[in-house]
Amino acid sequence: MIPRALDRGTIVFLALLGAVAIAVPLLNLALPDSSPLHVPTYLVSLFGKYVCFALLALSIDLIWGYCGILSLGHGAFFALGGYAMGMYLMRQIGGRGVYGNPLLPDFMVFLNWKELPLAWWGFSSFPYAMLMVLAVPGLLALVFGWFAFRSRVTGVYFSIITQAMTFALLLAFFRNDFGFGGNNGLTDFKDILGFNVQADGTRAALFATSCLALMLGYVVCRILVASKFGMVLIAIRDAEARARFLGYRVESYKLAVFTISACMAGVAGALYVPQVGIINPGEFSPANSIEAVIWVAVGGRGTLAGAVIGAVLVNYAKTTFTSGALAPYWLFLLGGLFVGVTLWLPRGIVGTIAHWRAGRRITATEDAPDPSGAAVATKPQAAE
Amino acid sequence: MLFVGVSAARADAFDDTLQKFLTDSYTDTEAGVTALGAGGDVRAFAVVKALQDGRLLADPAARRVLIDDGGALKDAATGAVVSPAPPPADLKRVRLNNRLRRAVEAALGALTLRAPDPARRLDAAQAVFKSRDAGALPAVEAALSQETDTRVKSALAMARAAILITSPDAPEAARIEAVGMLRERGDQSALALLSALPPGTPATVQGAADSAAAAIRNRLQIWETAQNAWYGVSLGSVLLLAAIGLAITFGVMGVINMAHGEMVMLGAYTTFVVQEAIRQKAFTFAIPGTGIGFSLPLPAALTLDWSLPIAVPLAFVVTGMVGILIEKSVIRFLYGRPLETLLATWGISLILQQAVRTAFGPTNKEVSNPSWMSGAFELGQLSITYNRLWIVCFSLATFAMLLAMLRWTRLGLEMRAVTQNRGMAACVGIRTARIDALTFGLGSGIAGIAGVALSQIDNVSPNLGQSYIIDSFMVVVFGGVGNLWGTLVGAFTLGIANKFLEPFAGAVLGKIAILVLIILFIQRRPRGLFALKGRAVEA
Amino acid sequence: MDLRTTPALLYLDAVSVSFDGFKALNGLSLTIAPGEMRAIIGPNGAGKTTMMDVITGKTRPDEGEVLFDGSHDLTALDEASIAVLGIGRKFQKPTVFDSHTVEDNLRLALAGDRRARTAVAWRETAAARERMSSILETIRLTAARSRLAGNLSHGQKQWLEIGMLLAQDPKLLLVDEPVAGMTDAETHQTAELLRTINVEKTVVVVEHDMTFVRALGVKVTVLHEGRVLAEGSIDQVSENERVVEVYLGR
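Chains as they are written, first to last, in my numbering: chain A, 195 to 578; chain B, -9 to 529; chain C, 75 to 324.
Simulated from the structure, these hints should not be mistaken for lab results. If you're wondering where the values come from, they're calculated on a predicted model, not measured in any experiment. Possibly wrong hints are sitting among the right ones.
Covered by chain B, per the in silico footprint, the following chain A stretches (three or more residues, Cβ under 8 Å) [as the list claims (entries may be wrong)]: (1) 338 to 349; (2) 362 to 370; (3) 482 to 496.
Over 10 Å on every C-beta distance to chain B, these chain A residues come out as not near it, computed from the model [said to hold, decoys possible]: (4) Pro197; (5) Ala209; (6) Ile216; (7) Ser318; (8) Met359; (9) Met409; (10) Ser517.
Between beta-carbon pairs, the in silico distance windows are [unchecked claim]: (11) A:Leu520 - B:Asn453: 19 to 25 Å; (12) A:Ile547 - B:Ala495: 49 to 55 Å; (13) A:Tyr523 - B:Val307: 24 to 30 Å; (14) B:Arg269 - A:Leu520: 33 to 39 Å; (15) C:Ala202 - A:Ile547: 30 to 36 Å; (16) A:Ala209 - C:Ala202: 30 to 36 Å; (17) B:Thr348 - C:His282: 56 to 62 Å; (18) A:Thr514 - B:Ile282: 30 to 36 Å; (19) B:Ala345 - A:Phe341: 35 to 41 Å; (20) A:Phe341 - B:Ala387: 37 to 43 Å.
Backbone N, C-alpha and C fix where the C-beta goes; we use that ideal spot for every residue, glycine too.
Modelling step: build the complete structure from the supplied sequences, incorporating the hints.
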């Protein structure tokens, strides 16, 4: 199964990612500030953020691009992973907080709490926290998905209830008594595994780790989609009823891929938090989840590389726009992107290129495949 | 004027009482105040009031009491200005201590009980009810015997009951009778009185009070439930307004419009523009920095009370046009691809929000209530504000009009035909593309109308729509897609459920609970409360 | 329920389904013997598709009994379990996996482990490859084996779907309007194909095209208003007064 997954394109892509993972930290640490090739630390963190977003995009692409499930709640899994990491980082602060309480994070001291809530148990241990990074989003996806898929909630209905799910979590995490820092979230981190999170070396290492996680996520996705599992996913996307009548238990496949995808999003969130230095309830906002979907659409859904490229491109554009005089126009651009991509570039960048190349290769002999699977229907569906 | 109807004998008694203020003794002053309060002299009020304000001066040399009326000194007995004014050194301000102040208040209360203005008498009676000062009892009883106004009379009776029930000296029968009266009154303050009788109250009185308190609690419980239900209906009507347009675009057409909330927002801004034009007496349009613009004068008779009747049709037209524009330029190309429609319309919502932010600024805009929507009235123990009441009526009227339109107009017939069987509709000569655009325009226009109503109770900001979009979808999905009645039931069910959960769970947790419940509900009935069944839907 | 209670392969007794008061099936009783081919005809709304839905587990009947192979209660199973039991269904509108190749469509349909947890490690066997080749021959799509199913012609899609049913190796095939939209030649070939399949498998065909039904030359059941109106050879039912009245027209 592994050889089939690692085709030429995948190997090239992984090699490129690996090169970035090594080059960026090297150019940051080994070169003096004066060198024109020196990558400043803030850029390392910024790139690290892009890589985390790319992993989130990958997780969305796995379910949307291959199985046709549009989740508008993946930001919630991302944020839950982030909170799990944030809780570990909070516990690492120890007695160095403003109030100097060795046990309780500052916000709990401020709320006059006397002891650590049960949910925080074990988060001083890194392995436990990492387990939670996978387990919390995974479990939520498992339970939520079990309910939703079993009762055949599909299409936009699924999208809407995932959006409601992240909205409910947003409201919950905003509350102080929920025990996760309320409005302000978790911040002022000091150490991760004993290293200062602000140090150049730590940031470079976090960047490299994020790249590794992305590579790993990419390989996992490739293995899944290149196997029969992936064939069934695409079959479900194209004709769910047909797959069912062939004897495939569609719910199991959906639940499996949804849970795996949620875990990936959780990992992305966990790596994101130490690099940006904060996690707050805003990450649960429905707008974030939808924005992540458009990264995938821009890059090309159903193409794993497309998800990564889309995430990096859109976020690079966002950074460029929102940091300059053009900031007020960013939302126009982003909104235009949503409209433009769905209208004129349904296959996304990578999908369109692949389609065009495949078309050229085959024109003489046969018909062109449709790698994005964007089934273009023209008739409206009434009351569906 | 102070002399009207004062008999000579009374005047003497009044004069005697005034003498008490000359001795500079707290005991005498108190006796004087109490006597003034108990007596019925019309001049007494001015004297006690002056005493309270520190304007009562004793002139022991002339054995008279003076009132400092803004510099002019008047004789308390005659009301005439004293001239020449005695040298200030001869005058002594009549002093008060805390005990005296209470006596003064009681006396003032008793005197107001006999004021000529019934409204003031009512206030005074209610004040006594609150203070339940035993000293006021004779005054209350005196006033009660002379009172003719029924409202004041019942307020006085209540005040008397309040005093009697707490006074240990009152006869038991009178106290039990008082319990009965308070039980009749049956509100929060009666309950407070009944449940906090002073220690040493006889068991019979205590028993009667306990059972009366229990009865009141029950009644209040019912009123509270009714109040909650009203809040729920009010929230439900807001949800209905927000969701009803969506029930058309999403429910009937199957187009998922994430920019629906922004249509609501545009409707609210239309209201703002209308009100602003009325305030300026001119409608001004200008593109900043270009010098392009114009100004239309409005008739001066146009007041803010007219702003809503103008804004409703205007908002319908504005948002309806925007809706048709969106349908023609984007949605038309995405029929049959609901997930893409969702993304594209989300993009449109971002653009609309930013456009409004650019044009009007990011801050909340002030939209005022017209006079006929301000204020509140009481219905039993219910407090109902006019703006909420209007919104409930308005949302039901909108709903009824929409139903009527779909059922009885040509456009409604064609809409139903197109949504049920597009191919067949096209075959019988309906221009389906035009109907699609009009249906979408209708849904958007109704969202705009909703915006006008919501501008009356919510902040008008570019984010207005965002706060309604999830709730609206929940209502439509919960009620059953494609069924307007389902939307109606869904909206009110969710509104009332929300308000009944709030006391137990708090506003935020209540909302979370509702979301979780809906998510669970959709598992049970994926197609909502009033799902259409059959092959057409399954296909 | 391991006891075989009926010799029939498919046994429907007094099955009723209603949608919002409309009785789609109204006490429908029907038995199909093993190895039989049966044609089912009837006007629109007679309950043909609903009957298929009930047999394949898509719709639960309000009342009545549906037994398969004498011992399996189909009303208690879901679509996937029923498919695994050995009932294959072809939809009215050809439904194939558009972005898979013809081969992959068949590969997914071939009998075998359907579970998600083993799908990642799944390997194709040589026997499966052989079987796929033979099916491709049967449905005349050998030349198109690596084309995308979405790019096939309408008739080819119909055949691919029938091929997928064959690959599934069911005991019973339910075929809904297999020749709708086909040319005369294709219709003729399809009739032949179904007869070939019927050598090994039990087949139920729902069809409107009377020429096609006549070409099949099998026992015909006429449905009307959710119940059986008549049963017999095509000539017998054609002469039935009621059938002529409600369906064939005078």
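Distance restraint hint 19 to 25 Å, applied to the beta-carbon atoms of Leu520 (chain A) and Asn453 (chain B): 22 Å, holds
Distance restraint hint 37 to 43 Å, applied to the beta-carbon atoms of Phe341 (chain A) and Ala387 (chain B): 38 Å, holds
No chain B beta carbon within 10 Å of Met409 (chain A)'s: 28 Å, holds
Status of the given 35 to 41 Å range, CB of Phe341 (chain A) versus CB of Ala345 (chain B): 39 Å, holds
Verdict on chain B covering the stretch 482 to 496 of chain A, criterion of 3 CB contacts below 8 Å: holds (count 4)
30 to 36 Å as the expected CB spacing between Ile547 (chain A) and Ala202 (chain C), which holds or is violated: 34 Å, holds
Coverage of the stretch 338 to 349 of chain A by chain B, judged on three or more residues with CB within 8 Å: holds (count 8)
10 Å cut-off, C-beta based - Ile216 (chain A) kept clear of every residue in chain B: 36 Å, holds
Consistency of beta-carbon spacing, Ile282 (chain B) to Thr514 (chain A), with hint 30 to 36 Å: At 31 Å between Cβs, range holds.
Non-interface claim for Ser318 (chain A), where every Cβ of chain B lies beyond 10 Å: 29 Å, holds
C-beta pair Tyr523 (chain A), Val307 (chain B): status relative to the range 24 to 30 Å that was hinted: About 29 Å separates the Cβ atoms of Tyr523 (chain A) and Val307 (chain B), which means 24 to 30 Å holds.
Distance restraint hint 56 to 62 Å, applied to the beta-carbon atoms of Thr348 (chain B) and His282 (chain C): 59 Å, holds
Hint 8 alone, counting from the list given before, is not met by this structure.
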